[in-house]
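A.B. asks: Next come the chains, spelled out residue by residue.
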Amino acid sequence: MNHIALLLENQPGALSRVIGLFSQRGYNIDSLSVAPTQDETLSRLTMTIGDEGADINQILKQLYKLVDVVMVQNLSEADSLTLELAIIKLKKSKTEVESLINPFSLEKEILDDKDNYTVFKVLGNTEVIEELLSSLKEEKFLEVTRSGTLGMTKGDESLATNDQTTISYK
Amino acid sequence: MTSGGEALIKALADENVDIIFGYPGGAALHIYDAIYTQNSVQHILVRHEQAATHAADGFARATGKPGVCLVTSGPGATNAITGIATAYMDSIPLIVISGQVANHLIGTDAFQETDMMGISRPIVKHSFLVQKAEDIPIIVKKAFHIATSGRPGPVVIDVPKNLTDPNEKFEYKYPSDLYLRSFALYDEAESNEVKQAVKLLTEAERPVIYAGGGAINSNAAKEIYEFGKLMGCPVTNTLMGLGVYPASDEQFVGMLGMHGTYEANMVMHEADLIMAIGARFDDRITNNPNKFGLQAKKIHIDSDPSSIDKIIDVDLAMTGNAKKVISQINTELKATNFDNKKFADWMNKAKKWRSEHGLNHNMLNQKSESDIILPQQVIQSAYKATDGKAFITSDVGQHQMFAAQYYHFNEPRKWINSGGLGTMGFGLPAAMGVKFAFPDETVACITGEGSIQMCIQELSTCTQYGLPIKIINLNNRALGMVKQWQDMQYGGRYSSILYEDSLPDFVKLAESFGHVGMKVEKLSELEAAMEECFSLKDKLVFLDVYVDPDEHVYPMLKAGGDMSEMFLSKTEKTFK
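Going down the list, the sequences are from chains A and B. Just add 593 to wherever you are in the first sequence, counting from 1, and you've got this note's numbering. Just add 132 to wherever you are in the second sequence, counting from 1, and you've got this note's numbering.
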């Protein structure tokens with residue numbers, strides 16, 4: 594699994610160029626999150642791309658080729674932090690839910706509950722959230738929504754100040 | 133003070149554009165009015181927007197300057213799509229200005245509204261939807277920069293009608309520079325890469341230089357010729373690269389790929405070093421990529437990093453401008469005092485392959501009892517009549533391959549065809565664009581009776597502007613390339629390739645537009661007709677040549693095979 598961070602010009606149609614590239618070139622996106630940054634002219638995206646299919650270097654190069662893409666980085670190749678938020682509604686009481694989710698090292702909070710349902714949030718590593726969801730597979734889900742992975746590299750460098758021309762290829 | 137429409141045309145003039153191709157309509161009316169009131173930019177009225185894009189594209193390919201076209205919203209924009217895709221696939225700098233419905237109508241399914249940004253998105257290098265009239269100059273500036281730099285390509289500027297309103301004026305100033313924070317360009321190669329390239333080149337035993345359209349785009353012909361001479365090894369060009377290395381040079385082994393020469397494909401197959409220059413290992417070149425160049429190390433020079441390691445993994449990637457990188461390599465090669473006699477035996481092997489199964493360039497002199505004209509003979513005759521100096525545009529199909537194989541292109545930008553997208557209908561409008569750029573040069577469109585009918589309405593444009601193009605129609609009364617495949621792979625089941633006596637009388641058709649029409653059916657009359665066609669300097673001549681309908685294009689690579697596996701004729705092949 595590759596997590597890709599991308600800075601995009603905040604221009605009309607810019608996001609559709611990124612999304613379009615994936616369908617046009619036959620790549621799959623597992624998750625995508627996008628929001629404005631502290632610089633109003635830029636949006637930041639984190640994309641998660643499975644290991645199957647296209648060569649990740651080719652995807653990075655194609656993304657970087659888009660005029661609206663300012664910077665792209667494979668977080669999975671760097672020392673990075675990633676985080677995902679999920680909100681889950683289960684047909685279970687609060688106590689039952691707590692016992693189900695306690696074993697997982699995630700930040701948890703019950704947001705809303707009655708006798709027959711509980712809404713809770715979990716925050717943490719995408720892989721752990723996947724494990725939790727898979728352990729809950731037998732349960733009666735009412736709803737799940739996930740933010741998609743968010744990520745950035747550790748250390749004092751920022752994506753915006755990185756040298757733009759250094760895209761790694763063989 | 134200027135309006136948005138005036139600013140748009142002024143900005144084009146400031147980009148040194150003197151000609152644009154287009155077709156008016158509601159959403160573009162303000163822009164057309166701005167054209168009417170100035171003299172810097174000439175507008176050519178075509179008969180269909182597809183032709184506007186192809187004409188601008190032909191102009192760009194012949195001159196190296198960006199071509200510009202102007203269309204209205206809705207159907208004007210969608211008609212331009214094929215031409216935009218054609219330019220995109222061949223990396224041609226094209227500026228497409230499309231009218232759009234007024235801002236407040238966008239999204240309402242207004243009359244002649246279409247989402248041009250959305251429809252063109254996958255086939256443009258970039259696109260702009262103008263939001264404010266005052267942005268028009270900087271957008272035009274950016275569009276030209278993006279279209280022409282790095283790997284060139286088409287750029288769309290979609291202009292809502294209200295932003296060109298003659299009553300909304302602002303102060304016009306064409307920007308002297310621009311800011312694109314996200315736009316990386318690759319120029320020279322790193323010096324260690326150059327050293328490594330020269331080491332690989334001089335240590336090789338059987339190198340081949342494989343140059344494509346990118347070499348033409350970067351105007352690298354002079355440098356590549358010098359490089360070829362320094363190396364003394366075989367040189368091959370792709371369909372898009374023909375002319376970048378002179379076809380008459382003895383080191384030139386011809387075009388490679390699907391219908392490449394026997395010797396070019398054998399050289400590629402047997403080489404131990406493949407030097408790709410502005411070529412992208414297209415599937416029509418490599419045949420089965422898993423069987424491609426297995427003995428060879430590969431060096432790849434390309435201005436687009438995403439072309440590198442896309443189809444074929446290479447040993448040395450040199451991202452940069454081909455002209456500059458080859459020049460760097462030449463300097464380094466000269467410094468090493470490399471003796472190019474090293475590759476003499478290898479070159480001789482290529483010549484031996486040529487003598488065994490090379491193309492026959494003397495078919496014109498063959499005696500024929502049937503007097504049936506072979507398509508190859510038409511190309512050879514056109515070559516003879518033009519002294520090999522004409523601009524040749526083509527459409528798509530057998531005639532295109534015959535022209536590529538038999539018209540020896542000695543200079544770049546003389547061979548103008550839709551290689552990537554394979555757009556039938558490209559040839560005639562592209563020839564118009566070339567003729568506008570070079571009014572004193574001979575421009576011929578080699579076409580077939582299928583392709584020419586896809587943009588034949590442009591005969592009228594040629595009349596209006598007095599364009600004496602020569603149309604050489606290889607008329608085999610069938611969609612020849614499809615027929616060839618149906619012959620070879622579908623047991624001769626001719627599905628939807630015949631016209632059942634519905635073809636027009638092309639002579640009368642040409643005459644109805646005020647042009648000269650000629651028809652030839654006998655080999656014995658071919659050369660005289662060809663001479664006459666090219667001697668009528670001031671006339672568009674439609675030369676309708678009836679050719680052998682059963683002729684196939686050979687060599688032809690075996691599907692799924694390697695580059696040495698070719699059909700050489702209807703009865704001969706190189707594989708079991």
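A couple of the hints might just be wrong.
Stated by the list, open to error - No more than 20 Å apart at the CA atoms, straight line, and that leaves these computed lysine to aspartate or glutamate pairs for DMTMM-like: (1) K273(B) - D146(B); (2) K658(A) - D146(B); (3) K442(B) - D672(A).
To be verified - Pair ranges (Cβ atoms, derived): (4) N351(B) - Q617(A): 54 to 64 Å; (5) E358(B) - S673(A): 21 to 31 Å; (6) Q328(B) - P605(A): 37 to 47 Å; (7) I504(B) - P605(A): 42 to 52 Å; (8) S673(A) - Y622(B): 32 to 42 Å.
It should be emphasised that the hints constitute simulated quantities derived from the structure, not laboratory data. As the structure is a prediction and not an experimental result, all values here were calculated from the model. We put the CB at the ideal spot given by N, CA and C, even for glycine.
A.B. asks: Against the structure shown, which of the earlier numbered hints fail to hold, in ascending order?
C.D. replies: Failing hints, ascending: 2, 3, 4, 5, 7, 8.
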